[in-house]
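Every letter in the sequence shown is one number past the one before it in full-length UniProt numbering, and letter 52, counting from 1, is 52.
Everything labelled a hint here was simulated from the structure, so no lab data went into it. All C-beta atoms, glycine included, are put in the ideal place defined by N, C-alpha and C. Treat the hints with care, since some could be wrong.
Calculated cross-link-like contacts (lysine-lysine; reagent style DSSO-like; alpha-carbon spacing at most 27 Å) [unchecked claim]:
| id | residue 1 | residue 2 |
| --- | --- | --- |
| 1 | K42 | K26 |
| 2 | K74 | K41 |
| 3 | K58 | K10 |
| 4 | K10 | K41 |
| 5 | K68 | K58 |
| 6 | K26 | K38 |
| 7 | K68 | K41 |
| 8 | K74 | K26 |
| 9 | K42 | K10 |
| 10 | K58 | K38 |
| 11 | K26 | K68 |
| 12 | K58 | K42 |
| 13 | K26 | K41 |
Restraint-style ranges between C-beta atoms, simulated for each label pair [what the hints assert, rightly or not]:
| id | residue 1 | residue 2 | range |
| --- | --- | --- | --- |
| 14 | G9 | H73 | 13 to 21 Å |
| 15 | S51 | G22 | 39 to 47 Å |
| 16 | F21 | V55 | 28 to 36 Å |
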Amino acid sequence: IVEILVSSGKQIEAVNFSHAFGLVDKFPPVPLLKAYLKDAKKTSQGKSGISQNEVIAKELSALRAVIKCIEEHKL
1 IVEILVSSGK QIEAVNFSHA FGLVDKFPPV PLLKAYLKDA KKTSQGKSGI SQNEVIAKEL
61 SALRAVIKCI EEHKL
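Turn these sequences into a full structure, and let the hints steer you where they fit.
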C-alpha cells in the first residue's frame with residue numbers, strides 16, 4: 001500500500017501509513033518527504049498560465065504539509 005501511495009504522489013500519506021504500521025525501517029520518512037517537496041515544486045512550476053503568486057502558494061502549502069508531518073511524527 002505504501003508503494004502505491006508513493007507512486008501516485010501521495011508521499012505524506014505514505015509517511016503517515018508507514019508510521020502507523022511500523023514500516024519506518026522499510027519506508028524511511030525523510031526521503032519520502034524530500035520527494036514530495038521535489039514533486040510539488042516540479043508540478044507547480046511546470047504549469048503554464050499560472051501566476052507567480054499561485055506557484056508560491058502551492059509550494060508554501062507543500063512546505064506546510066511537510067512541517068506538519070514532521071511535527072506529528074517527531075522526526
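Given the hinted pair K10 and K41, is their alpha-carbon gap at most 27 Å?
holds (14 Å)
Sort out whether K41 lies within 27 Å of K26, counting only the CA atoms.
Holds. K26 to K41 sits at ~26 Å (cutoff 27 Å).
For the pair G9 and H73, does the Cβ-Cβ distance stay inside 13 to 21 Å?
holds (19 Å)
For K26 and K68, compute the direct alpha-carbon distance and say whether it is at most 27 Å.
holds (22 Å)
Given the proposed pairing of K68 with K41, does the C-alpha separation stay at or below 27 Å?
Since the Cα atoms of K68 and K41 sit roughly 18 Å apart, the hinted pair holds (cutoff 27 Å).
Given the hint that K42 pairs with K26, does the C-alpha gap stay at or below 27 Å?
Given pair K42, K26 holds - Cα atoms ~26 Å apart, limit 27 Å.
Is it true that the CA of K58 sits at most 27 Å from the CA of K42?
holds (11 Å)
Range agreement (Cβ of V55 with Cβ of F21, hint 28 to 36 Å):
holds (35 Å)
Need the status of pair K58, K38: alpha-carbon distance at most 27 Å?
This hinted pair holds, its Cα atoms lying about 12 Å apart.
Taking 27 Å as the top limit, are the C-alpha atoms of K74 and K26 close enough?
holds (18 Å)
Straight-line Cα separation of K68 and K58 no greater than 27 Å?
holds (15 Å)
For the range 39 to 47 Å, tell me whether the beta carbons of S51 and G22 fit it or not.
holds (43 Å)
The structure meets every hint from the earlier list without exception.
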